[in-house]
Amino acid sequence: MEDNTMKVRDVMQGQIYMISGLATVREAVSEMKAKGVTALVIERRHEDDEYGIISIDMIAERAIAMNKSLDRMNVYEVMDKPALTVADHMAVKYAVRLLSRLDHRRALVIEDGTACGLVTLRDMVLSYAAEPQG
Numbered sequence: 001m002e003d004n005t006m007k008v009r010d011v012m013q014g015q016i017y018m019i020s021g022l023a024t025v026r027e028a029v030s031e032m033k034a035k036g037v038t039a040l041v042i043e044r045r046h047e048d049d050e051y052g053i054i055s056i057d058m059i060a061e062r063a064i065a066m067n068k069s070l071d072r073m074n075v076y077e078v079m080d081k082p083a084l085t086v087a088d089h090m091a092v093k094y095a096v097r098l099l100s101r102l103d104h105r106r107a108l109v110i111e112d113g114t115a116c117g118l119v120t121l122r123d124m125v126l127s128y129a130a131e132p133q134g
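Numbering-wise, full-length UniProt numbering puts 82 at position 82 of the sequence shown, and it's gapless, one number per residue.
Hints listed in this document are in silico derivations from the structure and should not be mistaken for laboratory results. Please note that a few of the clues may not be correct.
Label pairs and their calculated CB-CB ranges [to be verified]:
no., residue 1, residue 2, range
1, K33, K93, 32 to 38 Å
2, A87, N67, 38 to 44 Å
3, P132, D112, 27 to 33 Å
4, H89, N67, 40 to 46 Å
5, P132, M18, 32 to 38 Å
Even for Gly, the Cβ is constructed at its ideal location relative to N, Cα and C.
Taking the hints into account, I'd like the entire structure generated from these sequences.
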């Protein structure tokens with residue numbers, strides 16, 4: 001029996017941009033602007049470390065709204081770590097359910113323990129709604 005279930009890998013953004021947790025928040029904002037993205041993945045420092053994530057929302061809430069200097073704050077002070085992750089082979093409907101329950105907009109996609117993309121709630125909902133339901 002063929003499985004036609006839409007998977008996270010089918011809708012993820014395969015290009016991810018990484019930044020060090022030691023970078024300044026201003027450097028993160030500059031990188032986001034240069035790459036045209038709203039989130040960056042924080043590099044793991046060693047094999048047993050976990051990925052982190054920083055987004056425009058986090059910067060707005062945890063830095064700018066708190067009147068913090070973007071030049072004096074490091075990414076690690078603003079990021080979420082560990083990042084919320086989903087497997088690349090997870091069904092989109094379950095990934096949507098997970099992100100909705102946890103009130104998250106995006107998740108890091110993992111394949112064999114390595115980050116391979118980012119997926120947003122928006123992209124999953126739009127892709128899922130475009131597919132005929134059986």
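So, going through the hints one by one against the coordinates:
1. K33 <-> K93: 32 to 38 Å: holds, 33 Å
2. A87 <-> N67: 38 to 44 Å: Holds: the Cβ-Cβ distance is about 39 Å, inside 38 to 44 Å.
3. P132 <-> D112: 27 to 33 Å: holds, 31 Å
4. H89 <-> N67: 40 to 46 Å: holds, 43 Å
5. P132 <-> M18: 32 to 38 Å: Holds, at about 37 Å.
Going through the hint list in order, the structure satisfies each hint without exception.
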